[in-house]
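First to last, the sequence lines map onto chains A and B. All letters in the first sequence, in the order written, are residues 1 to 348 by my numbering. All letters in the second sequence, in the order written, are residues 1 to 348 by my numbering.
One thing to keep in mind: the hints can contain errors.
One copy or two, it doesn't matter: identical chains are merged, so the pair holds either way.
As the list claims (entries may be wrong) - Computed list of lysine-lysine pairs in BS3-like fashion (alpha-carbon distance at most 30 Å, straight line):
#1 Lys186 / Lys145
#2 Lys22 / Lys186
#3 Lys111 / Lys186
#4 Lys208 / Lys111
#5 Lys237 / Lys76
#6 Lys122 / Lys22
#7 Lys63 / Lys22
#8 Lys47 / Lys186
#9 Lys76 / Lys45
#10 Lys208 / Lys22
#11 Lys76 / Lys186
Because the hints were derived from the structure by calculation, they are not lab data.
Number of protein chains: 2
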Amino acid sequence: MSEWRKDPIVDRWVIISTERAKRPNDYHEIQEGKKTQECPLCEGKEKMTPPEIIAYREPGTQKDSPGWWVRVVPNKFAALQVEGEPALRQRGVYQAMPGVGAHELIIETTKHEPGLDTQTEKQVEEVIWAWRERSLDLRKDFRLKYIQIFKNTGSVAGASLEHTHSQLIATPIVPVDVSQELEGMKAYRTRHGSCAFCDMINQEVAEKERIIVNSDHFLSLSPYASRFPFEICILPKEHQYDFGQIREEMVRDLAGVLHTTLRKLTGLIHNIPYNVVMHTAPVNTPGETHYHWHLEIMPRLTIMAGFELGTGYFINPTPPEIAAQALRETQELYPLKERPVKEVYQYV
Amino acid sequence: MSEWRKDPIVDRWVIISTERAKRPNDYHEIQEGKKTQECPLCEGKEKMTPPEIIAYREPGTQKDSPGWWVRVVPNKFAALQVEGEPALRQRGVYQAMPGVGAHELIIETTKHEPGLDTQTEKQVEEVIWAWRERSLDLRKDFRLKYIQIFKNTGSVAGASLEHTHSQLIATPIVPVDVSQELEGMKAYRTRHGSCAFCDMINQEVAEKERIIVNSDHFLSLSPYASRFPFEICILPKEHQYDFGQIREEMVRDLAGVLHTTLRKLTGLIHNIPYNVVMHTAPVNTPGETHYHWHLEIMPRLTIMAGFELGTGYFINPTPPEIAAQALRETQELYPLKERPVKEVYQYV
Chain A
1 MSEWRKDPIV
11 DRWVIISTER
21 AKRPNDYHEI
31 QEGKKTQECP
41 LCEGKEKMTP
51 PEIIAYREPG
61 TQKDSPGWWV
71 RVVPNKFAAL
81 QVEGEPALRQ
91 RGVYQAMPGV
101 GAHELIIETT
111 KHEPGLDTQT
121 EKQVEEVIWA
131 WRERSLDLRK
141 DFRLKYIQIF
151 KNTGSVAGAS
161 LEHTHSQLIA
171 TPIVPVDVSQ
181 ELEGMKAYRT
191 RHGSCAFCDM
201 INQEVAEKER
211 IIVNSDHFLS
221 LSPYASRFPF
231 EICILPKEHQ
241 YDFGQIREEM
251 VRDLAGVLHT
261 TLRKLTGLIH
271 NIPYNVVMHT
281 APVNTPGETH
291 YHWHLEIMPR
301 LTIMAGFELG
311 TGYFINPTPP
321 EIAAQALRET
331 QELYPLKERP
341 VKEVYQYV
Chain B
1 MSEWRKDPIV
11 DRWVIISTER
21 AKRPNDYHEI
31 QEGKKTQECP
41 LCEGKEKMTP
51 PEIIAYREPG
61 TQKDSPGWWV
71 RVVPNKFAAL
81 QVEGEPALRQ
91 RGVYQAMPGV
101 GAHELIIETT
111 KHEPGLDTQT
121 EKQVEEVIWA
131 WRERSLDLRK
141 DFRLKYIQIF
151 KNTGSVAGAS
161 LEHTHSQLIA
171 TPIVPVDVSQ
181 ELEGMKAYRT
191 RHGSCAFCDM
201 INQEVAEKER
211 IIVNSDHFLS
221 LSPYASRFPF
231 EICILPKEHQ
241 YDFGQIREEM
251 VRDLAGVLHT
261 TLRKLTGLIH
271 NIPYNVVMHT
281 APVNTPGETH
291 YHWHLEIMPR
301 LTIMAGFELG
311 TGYFINPTPP
321 EIAAQALRET
331 QELYPLKERP
341 VKEVYQYV
């Protein structure tokens, strides 16, 4: 069983999980020139994963067998477990609690392909539906306070399996990065009477220079204070605090914007390693309606080194205005399915 | 000229510095099988760096010529510049100011060697004296509020030059990670009437299981809520809020503890990539005497992926009790100068 441990000084929790060290890693085998292990996420290998939680599949096909197009399973090497109560234990200056939470894998396609960008727009839409369905279901468990949806693409970005997938970790605590954003939004609202993200969207639409894609419902842009070269933020234009509020026409629109944005990014730098992170309001925590949910895409071309780890500040060699222009001008270079597969390492 | 930009929601500043993209990189050339560029940090190459700020050198030798054993120079590809006023500009929701600050390189030895661990204990002591001297000098500039001393070892940890060196970035703002620690320490003092780090030290000495080295003046330990496998914290046992308060006998003692700790770490995992980060009280900011300075050593065996980047929380597969035991039991395997030189990549 894993354990949540809190730093004695700051609001930083760590999951100590020996289980995670056991997971297989495609990339180590590729680096060592070995044949990649049998992929547990491919169609026909359904028995290699724990039993599926949900799957979008052809009518008449069996659970845990072929016939699906998106499949959600518990992470076999889970950082957290669903059983137990998140009861705090104190010993001297230290606090800990059992590693309660949920850790799921969203398998984004049946084929062994390394990215969401090589899928069709329709397939991206299906993945977003799965994110939404799991988010709405998990919040029925009142022990859970936050649902973190994220995606690691490329070994440099922390992926251990090559087959494209996203993950969901539901935690019994509101993460510090989210509570700090909530505090910042509250402070802004107190001063200005409006949502900081809504005001930012208006300013970005007027200034234009950091916008990548501007659709009916979403804006894809290079953040003004980007931490990473080619960092991207995708936001709903209307004020929604919770990703779970997304409507059907918005899911379709988001699929288009996310697909286009990722294809521009991988068109500009082939096989760029990146993380996608959802920021949304906590669940089972009433009154957080002043948040504004969004997706962050963080390419991993630079390394967080001593300065970043010591200060929480970042050094970024690529101005976001230049990044946005390059992404706007980049056509989606590779037709679907023809992208060369080669790992890109940090080059900045 | 670089620019400080603030995130519109949270207290996170970013340095946009196109200058940083121009720096040379030993590791790219090593990876590509090329001969490494001429090293600007080696003895005899003093003219390749900007003029030295200080150097510890033989009597009678000339500035910017051989005869030194520790040398401090401005970073040629500086993220910040000493000229100018850190005057805040506001445009709509955004804030920026000129990239004012200092960025220096502490060249830790004359020879082309990749780590501080292969130096003598006496040489480590000289490096700590240089850190102290620069810290005391830079604070005379009242524009500067924090002096971040750090070290990147190995390309995975963000080093671009192989020749062992540390860096110093002085900022006109107190970094968010430091102000959050200060707030946590204040809250603890209000509740308990004591210093959280002093109480932690007492508990660690009593519990023993996370201690690596316990000397006259310093404790080297695996933090209870370690974010990274084999993370290490080195703290003065007496309450000092400011690294600049370190006394002569403490500098000697810290050199021994840091040297032994790094040699145990590299003895356990050869050529382990790691960052060293100093945490100390802000300067020119009176009243922060409740802080407790310390060094953090962060090995880079795991990758900060989507979960870490989204939440600010960490997943660590190695319990600190096991890490501390392994480090306690590790003898310093390699005699000085005989360590094999090979880059280690992430393996967890």
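> Can you give the numbers of the hints that this structure goes against, from lowest to highest?
Replying inline: 2, 3, 4, 5, 6, 8, 11
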